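> Input sequences plus hints: build the corresponding full structure.
With numbering that gives the first Met the number 0, the residue at position 76 of the sequence shown is 75, and numbering never jumps.
It should be emphasised that the hints constitute simulated quantities derived from the structure, not laboratory data.
Please note that the accuracy of each hint is not assured.
Unchecked claim - For each label pair, taking beta carbons as the anchor points, the in silico distance ranges come out as:
#, residue 1, residue 2, range
1, P18, S167, 38 to 48 angstroms
2, F120, R90, 31 to 41 angstroms
3, T9, V185, 37 to 47 angstroms
None of the values given here were measured: they were computed from a predicted structure.
No residue lacks a Cβ here, since even glycine has one placed at the ideal position from N, Cα and C.
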Amino acid sequence: MVSINPRTITTAEQLYSIPDDGNRRELVEGVLSMMSPAGCEHGRIAGRIFLRLATHVEQHALGETYAAETGFRISESPDTVRAPDAAFVSRGRLEAAAPTAGFLSLAPDLVVEVVSPNDSFSSVEAKAADWLRAGCQVVLVADPGNSTIHVYESGSGIRLLRSGDRFSAGPVCGGWSLDVDDAFGVSRQVT
0 MVSINPRTIT TAEQLYSIPD DGNRRELVEG VLSMMSPAGC EHGRIAGRIF
50 LRLATHVEQH ALGETYAAET GFRISESPDT VRAPDAAFVS RGRLEAAAPT
100 AGFLSLAPDL VVEVVSPNDS FSSVEAKAAD WLRAGCQVVL VADPGNSTIH
150 VYESGSGIRL LRSGDRFSAG PVCGGWSLDV DDAFGVSRQV T
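Structure, rendered in structure tokens:
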């Protein structure tokens with residue numbers, strides 16, 4: 000097993016070579032960031048959203064979806080590697096990307112981030128801004144604390160979706176849509 004000092008991790012290649020020890024890591028402008036494993040509620044919501052996204056992408060052969068903790072190198076010198084809770088990359092962009100065994104060196108078309116109880120809102124906003132600067136078209140930030148989804152769209156600002164609202168990715172992901180209540184597992188009674 001390779002022993003690596005976390006203080007010396009400054010590149011995506013070094014990050015990728017760390018043996019899996021169950022910890023979550025990202026590299027932000029050459030600085031290693033350690034995170035606690037996701038909690039039960041976080042994982043449940045991320046799983047619900049990923050399942051719906053992956054099913055749509057697969058049914059329509061739109062590209063590939065990536066589950067939690069898949070790393071994407073979104074900037075170099077210094078390197079930034081982010082790992083969303085779910086992501087979609089279109090088939091055309093994947094075909095143009097250089098094949099790699101490590102991290103994809105591109106920003107996904109669509110990213111999903113689920114807010115953890117220990118996340119500050121400013122850190123979540125910073126992460127969404129990183130994704131958009133890197134070329135991501137849509138970032139969904141699901142907040143279990145108040146059952147809302149913040150939609151960050153390239154060039155369009157931020158929208159807040161609440162219970163009863165529906166998100167539509169439009170052409171970014173072949174018309175994929177998501178009910179806010181469904182994302183959080185809230186069943187609405189029909190009268």
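> State for each hint whether it applies.
Cross-check of the supplied hints:
1. Checked against the hint of 38 to 48 angstroms, the C-beta distance between P18 and S167 comes to roughly 41 angstroms, which is consistent with it.
2. Separated by about 34 angstroms at the C-beta atoms, F120 and R90 satisfy the suggested range of 31 to 41 angstroms.
3. In this structure, T9 and V185 meet the distance hint of 37 to 47 angstroms, their C-beta atoms being roughly 43 angstroms apart.
Going down the numbered hints, you'll see the structure goes against none, and every one checks out.
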